[in-house]
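Novice: Please arrange chain H on chain D, whose structure you already have, making use of the hints.
In the order they appear, the protein sequences are chains D and H. The numbering used here runs 1 ahead of the 1-based position in the first sequence. The numbering used here runs 1 ahead of the 1-based position in the second sequence.
To be clear, the hints were calculated from the coordinates, so they are not data collected in a lab. For clarity, every value in this text was computed on a predicted model and none was experimentally measured. Beta carbons: idealized from backbone N, C-alpha and C, even for Gly. Incorrect hints may have been included.
[What the hints assert, rightly or not] To give an idea of the chain H side of the interface with chain D (calculated C-beta under 7 Å), a few residues:
(1) E319
(2) T321
(3) N325
(4) M703
(5) V712
(6) T713
(7) C749
(8) R789
Protein chains: 2
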Amino acid sequence: MASKAKSRKYVYSFGGGKADGDGTDRNLLGGKGANLAEMAGHPKLKLPVPPGFTLSTEVCTHYYANKRKYPQELKKQVDGAIRKVEKILGRKFGDPKNPLLFSVRSGARTSMPGMMETVLNIGLTSETIPGLIEQSGGNEAFAYDAYRRLITMYSDVVMEKAGGIEPKEGQGIRHQLEHLLEKKKAKVGAKSDTDLSAEDLKDLCEQYKKKVKQVLKKPFPDNAEEQIWGGISAVFISWNGKRAIAYRDIEGIPEEWGTAVNVQAMVFGNMGQDSATGVAFSRDPGNGAKIFYGEFLVNAQGEDVVAGIRTPAPINKESTGEQNKHMESLEKWDPKVYKELDAIQKRLEKHFRDMQDIEFTIENRRLFMLQCRNGKRNGPAAVKMAVDMVKERLIKGDEAVMRVTADQLDELLHPILDPVAEKKASMLTKGLPAGPGGAAGKIVFTSEQAIAAHEKGEKVILVREETNPEDVEGMRAAEAILTARGGMTSHAALVARGWGKCCIVGAGEIDVDVAGGKLKVGGKTLKKGAEISLNGTKGYVYEGSLDMISASEDNPTLVEFLKICDKIKRLKVRTNGDTPEDAKKARGFGAEGIGLFRTEHMFYGEHSAEPLFKLRKVIVAKDDKERAKALKELYPHIKKDVKATMQAMEGYPVTIRLLDPPLHEFIPTSTKGKKELAKATGVSLAELEKRSELLHEVNPMMGHRGVRLGVTFRDITETQVRAILEATAELLKKNKKVFPEIMIPVVCHPNELKDQYEVVKEVHKAVCKKHKVKKIPHLTGTMIEIPRAALQAAEIAEVAEFFSFGTNDLTQMTYGFSRDDIGGFMGDYLEKGILPNDPFQILDQDAVGELVKAGIERGRSTKPKLKIGICGEHGGEPSSVKFCHAIGMDYVSCSPYRVPIARLAAAQAVVEEKAAQPKKKAKKKAKKK
Amino acid sequence: MASKAKSRKYVYSFGGGKADGDGTDRNLLGGKGANLAEMAGHPKLKLPVPPGFTLSTEVCTHYYANKRKYPQELKKQVDGAIRKVEKILGRKFGDPKNPLLFSVRSGARTSMPGMMETVLNIGLTSETIPGLIEQSGGNEAFAYDAYRRLITMYSDVVMEKAGGIEPKEGQGIRHQLEHLLEKKKAKVGAKSDTDLSAEDLKDLCEQYKKKVKQVLKKPFPDNAEEQIWGGISAVFISWNGKRAIAYRDIEGIPEEWGTAVNVQAMVFGNMGQDSATGVAFSRDPGNGAKIFYGEFLVNAQGEDVVAGIRTPAPINKESTGEQNKHMESLEKWDPKVYKELDAIQKRLEKHFRDMQDIEFTIENRRLFMLQCRNGKRNGPAAVKMAVDMVKERLIKGDEAVMRVTADQLDELLHPILDPVAEKKASMLTKGLPAGPGGAAGKIVFTSEQAIAAHEKGEKVILVREETNPEDVEGMRAAEAILTARGGMTSHAALVARGWGKCCIVGAGEIDVDVAGGKLKVGGKTLKKGAEISLNGTKGYVYEGSLDMISASEDNPTLVEFLKICDKIKRLKVRTNGDTPEDAKKARGFGAEGIGLFRTEHMFYGEHSAEPLFKLRKVIVAKDDKERAKALKELYPHIKKDVKATMQAMEGYPVTIRLLDPPLHEFIPTSTKGKKELAKATGVSLAELEKRSELLHEVNPMMGHRGVRLGVTFRDITETQVRAILEATAELLKKNKKVFPEIMIPVVCHPNELKDQYEVVKEVHKAVCKKHKVKKIPHLTGTMIEIPRAALQAAEIAEVAEFFSFGTNDLTQMTYGFSRDDIGGFMGDYLEKGILPNDPFQILDQDAVGELVKAGIERGRSTKPKLKIGICGEHGGEPSSVKFCHAIGMDYVSCSPYRVPIARLAAAQAVVEEKAAQPKKKAKKKAKKK
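For reference, chain D alone in the conformation it holds in the complex (with noise of 0.2 Å):
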């Protein structure tokens, strides 16, 4: 081991023209440490950055491996790196006459911001501050300022943090430090830090260095040597201080990897009226317009910059706005240097293929980069980069899609709260982000209450304790739903994000009082009318109406997106939608189908009201007489419905869900309700009652339902089947291209299907005689949604023509879990870390993927090209779509506003697939070897 660890290169110089490394060696030198070995080194760049050199990340490795010793030879590399840079700036690391500075910052893999330390300034002692002072020409006050801020960071993050010092709360050096410098502005009557005379400052430094004594036990070390090697021991320590650990634990960054340490000469933005700093990017990162975009202060530091004490001015007319329009950009300030950043900055991003976030410094009218990275960005601008760099040519399509978060693309999707409104807003309580975006409105608390005031215009939002299917009338007509009980698949949030609607359940702090007409909430009463705004990404109620800032579903630039995104998945997108609006919405967003249609859904809209009268006069009837001429009655509205909706998705196919919940979910609860339908049905309300009682369960999500249905009521089944059949044969006769897929659910059992299979043959049978036809195209499938269907498939597949998932319910029975009833634990589990998160949002790929995969696998064994697809709610989310190409399904399933979510997610599942494979071949070569 030492034989061979004495040859190890541990530091890599970069500077004057040359690097040891790279941009490639992230994993060596950190990304900070690998883009100044690129910006410095590559041949198309050479940029002028600040020569320096990087402790490797195996230094970090090494120290922590071995009880905080260094590699032996270390020290001899580091004097070399030093001497290196020494050479290249005519100046030397302790020199009286003409010294050195250094920087010494962290730099890990990933970027961990704010967790680990800096030490600026290094090399400043007694003996060298002269030399500075001269270097500056004669600037005295400068040179002390550095002093005092050198002093500050070192005993604060060196001696303190690093030596392990704890104190009190509020007695930290760096704490009774700056109340040393506040005492000496009040002394001397000084506003800012910058009004300080070089006597002041000197006096201070002074001030400074006995209190570090007195309080740490040691003095400020005034040998440059001590220093740079104390800040380079302070920076690898801190890889393990509680800020780094807790942020490594919470983004799942390895310990092992380790952090690099960037040692890089000091340049001055600060050193008078001929110096500035500034940051730029190379597109607007707000809205990804192809612009130089950027700030920057005079006579500053880069800290002061982001700060914020000082506004800064902008770097060109296209980063002026109102708030800076009276200021000198640096384009006029000093053409040159603009000239030569704006190249800079062209050139980096072409040479990175993407946007980049730059950080310069200007010592003497001289330009110098001290960072470049790629840039953050919000959704909007993620979408038009993208588009744009492909346009370009910049980047690939397998690129550009990477390049763009599903969050980012949700962003576009939904209006959103003003967030510069929302920071200003009195927040009145949290609950559960179930549908994104933002809403204002009135205050409502029935569904009545909704429907009357948006047809009167006005905006509402309902509130309730929690939703049942008779307030959707109510939902629909509000801006928003918010609920004090449910969790993120309850009935209001399933049919919010159904609908794309803002949507806030369980903020359990809301005590709703329906009768009285009221809510409270953290001490405060508010009556109906009273206008409250939320913010459904984040699960956030203000009171008052905010402003909005509205979606942009129709933006060109999403449309482009997206079909790059097309042009690259394999998996096709279809859409949950039972309603044409639903078909036509999904189609904008770019449905290839429909994959779960729900025939019930009828009896819970709008123009619900007949259809569900006639429904509740099937379920109640007392015998099989009265239900067949009951079922006739219902069978126009069928019809009517899986017509509109096949006509409206034309082209695709369309997957009809048979009758899935239990019947008594229809009963109505209200007395005026069952009174009607008594009367309707000719029996009494005692008997109405009674045969509503017995129709009652106690685990409903577990009861009659869904194929069991069909089973015991054979003629439910043959009425669906046939209004599908029928529509089909009278739209294909006007030469739509419709494709009906019937699905049966629930099905835990070949036996089931089997049964079902000879109604819905029959059925076929006999409209094609009717209709004179053949055939009338369709096929016949089922859900798997029942662990034991997923376990079975080998044996179902023997009669399915599809394969539909649905994951909402095997979630449900594979953890055991009543998505209507988690909201007593599921808060608590989710704190405990006892679950990663809510597998309703994100599919267990453990468990309830094993048998989705298992189910995959067995059907086809049976049948090699089994159609397969998912139409849960977790279809539209980004991980488990990803999760559904990998297992190799056909199609994905989601509410028509996770659709465009969907097709990005797909189109990364193939890249992110793609990336693999390479590793995969590199990996099994290794092994032969």
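Specialist: Below, chain H without anything else, positioned relative to chain D:
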């Protein structure tokens, strides 16, 4: 094929002290044919069997594989076999002087009683009748009666049925011939067939032949050769008759097996006063006593004994009873023949090593053996014979345990309705047989009524729409429970089975009117106090109070038999029990520990009022502090309960499941109960109702229960664990050998278990400290009852110290069946054959079994010696117990009354496993060759 087939033997002769086959040839010769060959040909038997021959099952197979054609060589082989019989008997088939007659009977591998056809007296023609008269010493009436029977059977079986003629209801040829017989009898004034004269019968035969020709358009064949081939074909054709196919489907008999055909020389027990026929058993099939038991009739044919037209006489003193004590026994009628028969039955039993059911005929004082087979027997007889035969060294223990079925054993464990009384009683209605045994008593409709009547010493039957936990006291007080709703695993069924109590559920025709104190069923109204009787083994309800036959659980023979089982079985058998009484009862039945002690049961039972009230205070506690106080009050109840039960089960492990049901199950539903609770907890009724409402769940089965309660209310777990460990510590101090196993229910993720383990560890530490001991022996494990837990068993086993499969819940979730709600469709599902049986009764080895197997394999992949058991209802169901054995569980646990059944099944599992193994080896060998 053809050349090979030429040399194949299809016909196997027997008789004259020789036989081509033997008793091992069941597959080839069928059961009857093989035993005839054995009796006729085995050197140690050589019994007087009428000679004959068997056409093998291969003929049947060939017949159906070759468009209903026989093998070429069959005719020749049959002719040869006939010649052999002719030689032995000195008669000739078709010979006018001394004709030989044959019977033709079916005989499959397994007995298919009444499913296939028989033709007797084949060979009687107008030519051979005089010869038969001659043989019978001039008995013309006998000969024409035989002829009449032949025409009837032949025209029905061969000409009509095998000819594929399907007459209208009541128009069959047999029916028409019998009509002629009745007419003739009326005309001559004959009361019975035997009153007809030879002349009458002769005339009748002529009428028969005319009718046959008229109806079937073919003459009855007057040719012996034609008759015998017609008979043989009819039997083969009946193998694929409707009745036979239906029977095969039910019993799972493969069509490929085919049937054999037995052709045997006729002997006549009806040839006069020196002839007779009888049936006998080598031991008493009613109680197993080792006596020769049987009946016979002089001048009769076998069917007369079975038909019960004449009362048969006993064969000996031991077989004499009230009904036949005046009749002459065979022993007296012909001591010589009796002695011969007695010697034969002894030889047969020794030879076949089981109780034999034999048929014999005496023709002119000469004894013939027509059939022998292992005799059917009831439960008590089966157990006694098994034990006796082991003592007699006739069989080994392995064989003994295979001689008793679970149903037979069950007969010994419950009092039953007197079968004689039951036959005469009038059935009111039917339900599902939820708790075996019988009961009689007065109807009551409420728990209170049941308790009051019970206290007065009255026997009552509790009749409810359905039961709930509040009915438990009344259920305990009643003799039996009858419900109008609910399935085999409804509350009533589970509780009743746990107590071994008679119970019928889901008797849907009953209309219960609790308020009116009456029930209506089938047009009758029964008031409170009316007497009814229940057969809980079959689900029959009778009017009136029927006589009972008491159970024989302390039967020493049963104890001996179960000891034989215990020596063989590998599985341990534990009991599900919640009280010291349960524990004692189960120890009596041989339980080796408790596999499921439900802490919540202390809140249901007889003395539950106080603990339940305290639990309710825990539940409605408004905050942690209030709950802590309430838990402190509840604690001594839990400890007392656990301690008493562990003490009663001393020497064996006791698995204690922590609180499992959702809390709202315990909230009072009556206003009175609510008011009391409100008063005790010092809150308003409205507030209490609000708190209860908050606990309401849509699907409580999958709600906030089991470990989910433990995670959210850590102190509920803590209190229970402390009670268990304190109780253990106190018992250990008294040198009691107790082994608690703490079981955490409803786990779906290893993190839940980790969370609860921390609590157990902490409490353990504290209790050890208090009692000044280092360790309190205990195991902490989990139920595997959620599909996810089975799939994640490897991860869960990293924490769990044992697994107990809760297959009730696992079945619920694997099927998506709420066992409380299957009533709506399970009836249809079983009737339509969609499910082979109720998966809550018989473990579904396909899917639920796959999960259980996976759970075991994965669990043991982490901990190879992981202790694994089952505590669902399936733990007492024989086929499920065998499955548990096969997949390597350590124990099964079931209700006390099922413990003996489980012990038997566990022993049978070992024997069946051994029996399967050599076969496997043989197969392997065969493959190697």
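Novice: Each hint: holds or not?
Specialist: The hints, checked one at a time:
{"no.": "1", "hint": "E319", "result": "violated (52 Å)"}
{"no.": "2", "hint": "T321", "result": "violated (54 Å)"}
{"no.": "3", "hint": "N325", "result": "violated (51 Å)"}
{"no.": "4", "hint": "M703", "result": "holds (4 Å)"}
{"no.": "5", "hint": "V712", "result": "holds (6 Å)"}
{"no.": "6", "hint": "T713", "result": "holds (5 Å)"}
{"no.": "7", "hint": "C749", "result": "holds (5 Å)"}
{"no.": "8", "hint": "R789", "result": "holds (4 Å)"}
In summary, the numbered hints that this structure violates are 1, 2, 3.
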